[in-house]
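*Asks:* Residues per chain are reported as follows:
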Amino acid sequence: MATTISFQDTKRKQRGPAGVNLSGGTRTRRGRRLRDNLTGYAFLIGAIFCFALFQWFPMIRGIVMSFQHTRRGVTTWVGFDNFVRIVQDPSFWTAWKNTFYFTGLALVLGYAVPFVVAILLNEFRHAKGYLRILVYLPVMLPPASALFLFKYYAYDPSDAGLFNAILKFFHLPTSQWMQSPTMTMPAMVIASTWMNMGAAVLIYLAALQNIPGDLYEAAELDGAGLLRRIWNVTIPQTRLILALLAMLQIVATMQVFIEPLILANGAGTQDSATSVAYLIYQHGFFQNDLNGAAALGVIMLLVLAAFSAVYVRLTTKQD
Amino acid sequence: MSVPQYRRAAALALAAGLGFSIAACSTKGGDDSGKDASGKTVITVDCQPDGSQKDLLANWNADVAAFEKANPDVTIKSVSVGQQCDNPPDFTARLTGGTMTDVFYGYMTDLQQVLDSGQAMDITQYATKDNIPTWDSVDPALKAVFTDSGKIYAIPTKNYSMGLLYNKTLFQKAGLDVASPPKTWADVRTAAKKISALGGGVAGYADYSAGNTGGWHFTAELYSQGGDMLSTDGKSASFNNPMGKQVLQNLKDMRYGDNSMGSRQLLQWADLLTNAAAGKVGMFVGAPDATTAIVQQFQGKYDEWAMAPMPGQDGAAKGTLGGGEGYFFRKDLTPEQVKAGLKWIAFEKLTPGKGQFDYARAKPQNQPVGLPQPLLFANGSDAQKQELDQRKANQNLPTENFALFEATPVPIKGEPKNAQAIYAVLDNAMSGVLTNPNANIDDLLKTATTKVNQLQTAGS
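So the protein lines, in turn, are chains A and B.
Taking the working numbering, the leading residue of the first sequence gets 1, the next gets one more, and so forth.
Taking the working numbering, the leading residue of the second sequence gets 1, the next gets one more, and so forth.
Hints in this document: simulated from the structure, not taken from any laboratory.
Do not rely on the hints blindly, as some may be mistaken.
[What the hints assert, rightly or not] One side of the interface only, derived from the structure: several residues of chain B facing chain A at Cβ under 7 Å:
#1 G118
#2 A210
#3 A424
#4 T450
[Said to hold, decoys possible] Pairwise CB distance ranges (calculated):
#5 B/K40 to A/A252: 48 to 54 Å
#6 A/I133 to B/A37: 53 to 59 Å
#7 B/N241 to A/G104: 36 to 42 Å
Here a beta-carbon is modelled for each residue, glycine too, at the ideal position from N, C-alpha and C.
Based on the sequences and whatever the hints tell you, model everything.
*Replies:* Spelled out as C-alpha cells, the structure:
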C-alpha cells in the first residue's frame, strides 16, 4: 500500500517537541556555520579561481573544441569527426605504443631505482645528509637544462659523447642514442629517471624511517637475510607509499612531453619518440589543427581517468 | 585586533583583491579608438631585434624615432619576439591566444593559418600608393602570395629563393674548385665525400630533419627534381613518386652509402647553421640570407661562404623553392591604425635608402650589403633601380661569391598550401633516411602521403 503524507503531517514534522520552528533554526545554524567558515571560504576563493581559470576552464574548453571545426574564424559543430580523423592519423597508434612503452620502461627503471637507492641510503650510517643532497641535486636543475646536458653531452652519437666514450673505453659497441629508433625510448627513460628520481627517493626514505626497527630485529632473529627483510618487512610497510607513487608515476609518464621535445627534437627518428602528448602538441602548434589536438587530449583524458578509476578501485579493495 | 579577526580581515581583503583583479581582467583596457590620451594613433609592431642584436636594435629604434618625427600623430610601440620572429609553435600560440601585436610578422606560409584563426584584416582598400609610396613597384608575384580570393591580407617585406651554399675554405682544403661548385646531386655527392674525408667531424653535406625544417628542405629538393608537393587542385599529396623517392635516396646514399653527412642528425634551423658557422659543414641547401644568420647569430665569416644555383638530378635544377615574410594586420584595428601600420612598413621595409635598405648605415656596421636577395621590387621599376644602385654602391661582401647563383636563375616555385603543417609531416621522412640505415623510402613516403592527404581534407 502506498504511504501518503498529508499537509498536516508535514507541518507537524517541521515542529519540534516544544513547538520550536525547526526550519528557522536550521537557517540560523546554517547562517552561523557560514559565518564561522567565512574565513576558510575566503581563503578558498584564490585556489578555486586559479583552478577554474587554469585547469577546469581549459579542460571544458578543450572538450568543447574537440567537437568543433574552426576555419576562417568560423566555428561549426562536427560531432565525432575530429576523433575519427585523429585515430586515422598514421602516428596515432605509434604514439600510444611509444607512450605505453615509455611508461612501462619508466615503471621498471624509474620506479624501482629510486626505491633501491632509498634502501641503500637508509643503510648508510655516515654522510647521509650529503648523499641525500647529491641524489636530490638533479631535481633542482631545470628539466630543460638537464635534458640539454643529456642531448649534447651524454647522447652525442659521435665517439665524443660521454656514454659512447665510456662504451668505447670498455671496447663495447657504441650507440646512436636518440638517432636510433630502438634506443630512443630507453635513452629518454634513463634521462627522465636521473632527472626525477630525487623526489621519489626522499619520499621513500621518509617512509623507510617510519618502519619500526624492532620489525627488522625480529626478522633478523628469525634468520632473514637482506632480501628477505626487504620482501617481508620493507615492502609491506611501505606498501601505501609504493602504491601511491606507482599511480602518480604512471599518470605522469603517460604525459611524457619534454623528453621527446628536447632530446629528440620532437618526433625523433621516424616517430620513435612521438608520445601522445607530443602528438597533441604537433597537431595543435605545427599542423594548425587545434580541434584535432583537442580531440586527442580528450582521448588521453579518458584513458588516464579510466586507469585512475580502475587503480583506485583495485587498491581500495586490497586495503 | 584579535587573531581570528585579523585572519578574517586578511581573508576578506584577499577575496576583495581577487574580485577586483577579475573585474580588471574582464574590462578591456583603454578605448577602441587606437589613440592615446594625447590623441596620437598608437600601433604595436613585433619583430623588433632583440637585445643580443645590438646594431640592429639600435637601427630599429632610430628608425622608430625618425618615423615618429616625420609622423607626429603616430606612436610605434615595438615588441621583440626573439631572433627568429616566427618560430612556428610560438607564432601559433600568439595567434591562438590573440596576443599578436597590431601589425604582426609572419611567413608567406602562414596565410592559411592566419585566415583560419580569423585574426587578420583584409587590407586591400588601404594597400595603395598613398600609404606605401613604392606599392606599385612591389613585385606582383609577392603580393599574390599574401592574397586570398582577391583580398590582400599582408604586405611582403622579404623574399628568398634557395640554392646551394658551400664553404670555400673546406672546398679548397678538399681539393675542389671553388669556381665550379656542384651542378647536380651526383656532383654534390662526390664533393661531399671529398670534404668529409677531411675528418674532424666535418659533414660534406648537411640537411635538416626536425622542427618543420626537414619538410621545408624536402620541398626545395623535390622542386629541384621537377616535382610538386600537392596535386594541382591542392587537395592531395603528389610527392610519392620517383622524384620524391630520388630526393630521399640521394640523402640516404650520402648519409649511409658514403658516410658524408656527419653523425649528428635531427638538425633544426639553428643546429645546422651553428655547425656551418663552426666550419663543420661543406655544403647545404639554403637562401642567401642564411649567410647573414651564420655571421650575425652564429659567429661565422662571410668570406667563407659562396652560393651556387640549386643542383638538379641530371642537369640544371627544374625548380627551386621561394618564400619570404611579411606583416599582417589585426582585424580589430581602426582605419587610422591600419594606415599608420602601412606607413611604418613602407618606411622600414619598402623604401630604398631607409630601414632594411639603408645600406649606407649597414655598411660600416658590418651588416651584409650585396647579397642577391631580397628582390622585393619588380624588374625595371624605379624602386628596384634605386635599391640595386645603392646596394652596389655600399656593398661590403665579396659579391662574386654569389655571382653564379645570380647569373643562373632557376624557376621559383612557391610554398604549398598549408606549408608548415606539410613540412612537419615530411620531417619524419627526412629523419628516417638520415638516422636509419634500414629506412624504407616507399613506406616513409606512403605514410607521409596519408598524413598530408588528411591535412588537406581537414583544412579544406
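*Asks:* Taking the hints in turn, state whether each one holds.
*Replies:* Hints versus structure:
1. G118: With a minimum Cβ separation of about 2 Å from chain A (threshold 7 Å), the hint on B/G118 holds.
2. A210: holds (4 Å)
3. A424: This interface hint holds because 4 Å falls under the 7 Å limit.
4. T450: B/T450 check passes; min Cβ-Cβ to chain A is 5 Å, inside 7 Å.
5. B/K40 to A/A252: 48 to 54 Å: Cβ of B/K40 to Cβ of A/A252: about 51 Å, so the range 48 to 54 Å holds.
6. A/I133 to B/A37: 53 to 59 Å: holds (55 Å)
7. B/N241 to A/G104: 36 to 42 Å: Given a distance of about 40 Å, which is inside 36 to 42 Å, the answer is holds.
Against the hints set out earlier in the document, no violation occurs for any number.
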